[in-house]
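The chain contents come next:
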Amino acid sequence: MKNDAPMTEAELHAYVDGQLDDVRRTAIEAYLATDPAAAERARAYARQNEQLHALFDGTLDEPVPKTLRLPPVRRTPNPLRYAALLAAMVVGGVIGWALHNEAPLTITPDLPQQAALAHSVYAPEVQHPVEVSAREEAHLVSWLSKRLGAPVHAPQLSDAGYELMGGRLLPGTSGPAAQFMYQDVRGNRLTLYVRTTTDGNRETAFRYAKEDKVGVFYWVDGPFGYALSGEIERLQLLRVAESIYRELNP
Amino acid sequence: MRDAKLFDEHIPRLRRYARALTGERSEADDLVQECLARAWEKLSLWQRGTDLRAWLFTIMHNLFVNDLRRRISRPEMLTLDDEALEAPRRATQEDGLGLRDLQAALNRLPLDQREVLLLVGLEEMSYEEVAKTLGIPLGTVMSRLSRARERLRVQLNGAGPALRRVK
Numbered sequence: 007m008k009n010d011a012p013m014t015e016a017e018l019h020a021y022v023d024g025q026l027d028d029v030r031r032t033a034i035e036a037y038l039a040t041d042p043a044a045a046e047r048a049r050a051y052a053r054q055n056e057q058l059h060a061l062f063d064g065t066l067d068e069p070v071p072k073t074l075r076l077p078p079v080r081r082t083p084n085p086l087r088y089a090a091l092l093a094a095m096v097v098g099g100v101i102g103w104a105l106h107n108e109a110p111l112t113i114t115p116d117l118p119q120q121a122a123l124a125h126s127v128y129a130p131e132v133q134h135p136v137e138v139s140a141r142e143e144a145h146l147v148s149w150l151s152k153r154l155g156a157p158v159h160a161p162q163l164s165d166a167g168y169e170l171m172g173g174r175l176l177p178g179t180s181g182p183a184a185q186f187m188y189q190d191v192r193g194n195r196l197t198l199y200v201r202t203t204t205d206g207n208r209e210t211a212f213r214y215a216k217e218d219k220v221g222v223f224y225w226v227d228g229p230f231g232y233a234l235s236g237e238i239e240r241l242q243l244l245r246v247a248e249s250i251y252r253e254l255n256p
Numbered sequence: 588m589r590d591a592k593l594f595d596e597h598i599p600r601l602r603r604y605a606r607a608l609t610g611e612r613s614e615a616d617d618l619v620q621e622c623l624a625r626a627w628e629k630l631s632l633w634q635r636g637t638d639l640r641a642w643l644f645t646i647m648h649n650l651f652v653n654d655l656r657r658r659i660s661r662p663e664m665l666t667l668d669d670e671a672l673e674a675p676r677r678a679t680q681e682d683g684l685g686l687r688d689l690q691a692a693l694n695r696l697p698l699d700q701r702e703v704l705l706l707v708g709l710e711e712m713s714y715e716e717v718a719k720t721l722g723i724p725l726g727t728v729m730s731r732l733s734r735a736r737e738r739l740r741v742q743l744n745g746a747g748p749a750l751r752r753v754k
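Heads up: the sequence lines are chains H and V, in that order.
One rule links them: number in the working numbering = place in the first sequence (from 1) + 6.
One rule links them: number in the working numbering = place in the second sequence (from 1) + 587.
Please note that the accuracy of each hint is not assured.
What the hints assert, rightly or not - Over the 10 Å line for every Cβ pair with chain V, so calculated as not near, a few chain H residues: (1) D41; (2) A156; (3) R174.
Stated by the list, open to error - A short, non-exhaustive set of chain V residues, derived as facing chain H with CB atoms under 7 Å: (4) I598; (5) R602; (6) Q690; (7) A718; (8) M729; (9) R734; (10) R738.
To be verified - Derived Cβ-Cβ restraints for the label pairs, each shown as a range: (11) H:V138 with V:G636: 48 to 58 Å; (12) H:G193 with V:G636: 42 to 52 Å; (13) V:E711 with H:H159: 44 to 54 Å; (14) V:R738 with H:H59: 37 to 47 Å; (15) H:P71 with V:Q634: 21 to 31 Å; (16) V:S613 with H:H159: 20 to 30 Å; (17) V:Q634 with H:R30: 16 to 26 Å; (18) V:L630 with H:N255: 47 to 57 Å; (19) H:K72 with V:R695: 26 to 36 Å.
Hints are computed from structural coordinates only; laboratory data are not their basis.
In this text, a Cβ means the ideal position worked out from N, Cα and C, and glycines have one as well.
All chains, full assembly: derive it from the sequences and hints.
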């Protein structure tokens with residue numbers, strides 16, 4: 007649009023959206039009466055706004071699913087925990103308002119895929135879901151620690167309603183990986199996939215990926231990359247992931 | 588300390604925006620859920636007294652863009668969903684065709700233009716709020732808005748009711 011034009015392109019839109027002051031609105035109205043093409047555009051754009059409301063406003067009246075209204079997990083006000091969380095976010099490149107372009111988790115490129123694959127292979131297994139059962143937990147943990155080359159823990163998820171079934175050793179991309187399997191009273195299974203990271207000790211924020219039907223929250227904490235997989239609601243899965251993180255960082 | 592209902596008043600609008608953005612019901616609610624989970628995680632970073640709605644929409648914008656990037660890098664994950672056409676069915680019969688065309692044209696808009704159009708036209712944010720929410724200059728907001736609207740206008744005029752969704 008020319009500089010000396012009586013109406014800028016931005017003003018045409020501001021007119022449509024009711025974002026002009028009274029003086030300019032009157033001036034633009036007067037101008038549009040002389041420019042049928044611009045007036046036609048203004049009408050078409052206003053109609054687009056109306057149609058967008060017609061298409062989507064129904065959502066406003068739909069009852070909000072309970073899962074979206076769940077109150078947040080009660081966190082004990084532990085300054086250390088917040089410090090750890092904050093550190094995780096900072097390392098993850100995520101700082102409040104400036105949270106554009108969260109860096110991809112390059113140090114664990116295929117962690118969620120590997121974890122989801124292992125989950126979908128073993129979680130449905132009826133006969134042999136685990137290699138070593140939870141009855142031999144001490145043996146399981148020391149065996150997996152030895153194979154992964156650093157002390158591994160099997161977190162207790164009883165508070166979240168999941169009991170440890172056992173675990174197994176798996177081939178990972180860059181060496182051995184461990185899988186712990188958990189089950190709730192309804193038979194829903196979660197797996198925690200643990201493998202050593204190649205990049206030394208790092209810490210990242212939680213990330214989420216969905217592989218087919220399997221949701222995965224994954225993060226790096228010290229020498230290990232962790233990935234919690236399950237076919238449950240994302241928010242529920244996040245809460246279990248958070249309780250694992252808390253247990254591993256008391 | 589924490590107000591468990593802090594986000595409640597914003598949820599219906601977040602859902603509406605997510606529905607319009609993704610064009611698909613279950614994906615939209617997943618997006619809202621993830622957005623809220625993130626927001627609770629990061630609540631200590633929200634500055635009380637600043638615009639909570641804009642902050643929530645920023646989180647949703649970032650999640651959606653990242654999600655999309657991930658899918659683009661792994662296109663085999665994309666699935667066609669029958670629900671994609673669900674929203675237009677809400678329309679009444681007489682304006683049904685026009686709305687369906689608009690929805691189809693909306694889905695074909697480049698994401699950056701779609702976001703601006705929806706935040707302005709549906710969410711009724713001021714242009715400054717849109718700039719802040721998306722972290723882009725005001726001039727970029729205006730140019731994206733202009734291109735989005737003109738593109739829709741031309742498509743809806745040109746194709747008319749004969750426009751068909753081809754899958």
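ask   = Looking back at the hints listed earlier, which ones does the structure fail to meet?
value = Numbers 7, 9, 10, 14, 16, 17 and 18, in rising order.
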